[in-house]
Amino acid sequence: MAIKERMSGNEAVAYAIKQINPDVMPAFPITPSTELPQFVSNYIANGEIDTEFIPVESEHSSMSAAIGASAAGARTLTATSSCGLAYMWEVLYVAASDRLPIALALVNRGLTGPLNINCEHSDSMGARDSGWIQIYAENNQEAYDNFVMAYRIAEHKDVMLPIMACMDGFITSHAVENITLLEDDLVKNFVGEYHPEHYLLNKDEVMALGPYAVSNYCMEAKRAQAQAMMNAKQVILDVAKEFEEMSGRKYGLFEEYRLEDADYAVVAIGSACGTAKDAIDRLREKGVKAGLLKVRVFRPFPGKEMAEALANCKAIAIMDRCESYSANGGPLSAELGAALFKNKNQAEVLNIVYGLSGRDMTVEDFEKIYEDLADVAVNGVKEDSYRYVGVRE
Amino acid sequence: MLEDKFKTENIDETVRWQDLTPGLQIYESGSSRLFNTGEWRVNTPVVDFEKCKQCLLCVPYCPDSSIPVKDGKRLDFDYDHCKGCGICVGVCPFHAITMKEGK
Chain A
4 MAIKERMSGN EAVAYAIKQI NPDVMPAFPI TPSTELPQFV SNYIANGEID TEFIPVESEH
64 SSMSAAIGAS AAGARTLTAT SSCGLAYMWE VLYVAASDRL PIALALVNRG LTGPLNINCE
124 HSDSMGARDS GWIQIYAENN QEAYDNFVMA YRIAEHKDVM LPIMACMDGF ITSHAVENIT
184 LLEDDLVKNF VGEYHPEHYL LNKDEVMALG PYAVSNYCME AKRAQAQAMM NAKQVILDVA
244 KEFEEMSGRK YGLFEEYRLE DADYAVVAIG SACGTAKDAI DRLREKGVKA GLLKVRVFRP
304 FPGKEMAEAL ANCKAIAIMD RCESYSANGG PLSAELGAAL FKNKNQAEVL NIVYGLSGRD
364 MTVEDFEKIY EDLADVAVNG VKEDSYRYVG VRE
Chain B
1091 MLEDKFKTEN IDETVRWQDL TPGLQIYESG SSRLFNTGEW RVNTPVVDFE KCKQCLLCVP
1151 YCPDSSIPVK DGKRLDFDYD HCKGCGICVG VCPFHAITMK EGK
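Chains as they are written, first to last, in this note's numbering: chain A, 4 to 396; chain B, 1091 to 1193.
Read the hints as simulated data drawn from the structure, not as lab findings. Hints may contain errors.
Claimed, not checked - Below, a sample of chain A positions facing chain B; criterion: calculated Cβ distance under 10 Å:
hint: 1; residue: L103
hint: 2; residue: E208
hint: 3; residue: A227
hint: 4; residue: A231
hint: 5; residue: D264
Stated by the list, open to error - With the Cβ distance kept under 10 Å, some of the chain A side facing chain B (calculated, not the full set):
hint: 6; residue: I52
hint: 7; residue: D101
hint: 8; residue: L212
hint: 9; residue: A216
hint: 10; residue: Y220
hint: 11; residue: C221
hint: 12; residue: A224
hint: 13; residue: R226
hint: 14; residue: R362
hint: 15; residue: N382
hint: 16; residue: E386
To be verified - Residues of chain A clear of chain B, computed beta-carbon distances all greater than 12 Å:
hint: 17; residue: A68
hint: 18; residue: A89
hint: 19; residue: R131
hint: 20; residue: A178
hint: 21; residue: V209
hint: 22; residue: M210
hint: 23; residue: Y215
hint: 24; residue: K289
hint: 25; residue: E308
hint: 26; residue: S329
hint: 27; residue: F344
hint: 28; residue: N346
All residues carry an ideal CB built from backbone N, CA and C; glycine is no exception.
Between the sequences and the hints, there should be enough to build the whole structure, so can you do that?
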């Protein structure tokens, strides 16, 4: 029997960590992810899990310690947000290129500045090319479920890459919502024991990790790493299918909400998608064919699959909860825009920046976007397609 | 059991990306012996065995194990791996090692 509870996103992910009981967690506190090491420390202090917690002096150290622990053969995780992730930058690439299946619970918060602590995707989007798998949650339930699935994806022999499970800071991490948890033994059996093929503490095999490789070998290593990311797509789907059989909850690379016959589609990531669904329900009652494509997996990027799902739309708003200061729109806009072009989609496209630094995104904001989509579907995009929603101007 | 194709002795610059280990991990010890890193050297230490008293002080100071020892005596440098750092020149109490310009 599933367990009905009320939890915040941070509580939910901490609960998943407790059920998985990983071997090592080096972490350094930063708002809004601080509760994660705090809850895990409580579990350890109460004797509920035997994870080795390493209090480190910085995030550069937490990721470095995670790399060491994972290379040694331990199932490893850490948690961070915003500038903490930025401080890990250098070693994020090392974790990925050394092919270490570390899990990182990322609570999305904007990068400074101006200095602020609220939700934005600029932290994880900045790390989008670091070689980590990235999965995003809309709410606490998905944050929990994604974390339960994380190690199965990362540790798969065709993948062996680190994974970032992301949720929106405060909106998801701190707001308490209803949630359905899985029983401890179900999670334990689903995630399984970690038995790496090669690891530093193996007394029967010597091993060296991260060797120097210049122009004569480096490119081959990167090509193989790129293949692992491509392989991750199928593994994510396979793990999701198995998860569905256990939990009844269905996941894919992205979610389609009333998208099948939609003329106008919004594409977004994270908690704002719940608000978009509300707007869509209201508009559908008025006969407007509105739909949503919620991106769950950003790395590997399911460009072709998303373009195909959007094939019949007349106008699409691609929404970025971060700036990339490219003077051309945010990262989701750029990548999905390219995928739509490759797939020869004919829709008009708006590239919208919204919700920066925790700015609320309301149902009315979405209704206005669908109005704009109906307009550009008929009249074309007259002004620049790159625009802000919810900014004072 | 390590597959033959992953043994460093079987890896050279003709090997395809599909046939390298993930992350170029190495599952053997001593594989650096296979690589002629001595070619990085700019200047070269030369030992004068007339002056050498076989005190062996140079051996532990060598950062690259490039001074082989056999039967309690040092042999000539392993120039395939000596990078010419010159530390041995500085530590030799008998001025038996000098630096020669070039490889």
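Each hint, compared with the structure:
| no. | hint | in the structure |
| --- | --- | --- |
| 1 | L103 | 8 Å, holds |
| 2 | E208 | 6 Å, holds |
| 3 | A227 | 5 Å, holds |
| 4 | A231 | 7 Å, holds |
| 5 | D264 | 43 Å, violated |
| 6 | I52 | 29 Å, violated |
| 7 | D101 | 5 Å, holds |
| 8 | L212 | 6 Å, holds |
| 9 | A216 | 5 Å, holds |
| 10 | Y220 | 6 Å, holds |
| 11 | C221 | 8 Å, holds |
| 12 | A224 | 5 Å, holds |
| 13 | R226 | 4 Å, holds |
| 14 | R362 | 41 Å, violated |
| 15 | N382 | 49 Å, violated |
| 16 | E386 | 46 Å, violated |
| 17 | A68 | 18 Å, holds |
| 18 | A89 | 24 Å, holds |
| 19 | R131 | 20 Å, holds |
| 20 | A178 | 39 Å, holds |
| 21 | V209 | 4 Å, violated |
| 22 | M210 | 6 Å, violated |
| 23 | Y215 | 9 Å, violated |
| 24 | K289 | 53 Å, holds |
| 25 | E308 | 25 Å, holds |
| 26 | S329 | 31 Å, holds |
| 27 | F344 | 29 Å, holds |
| 28 | N346 | 28 Å, holds |
The structure fails to meet hints 5, 6, 14, 15, 16, 21, 22 and 23 from the earlier list, while all remaining hints are met.
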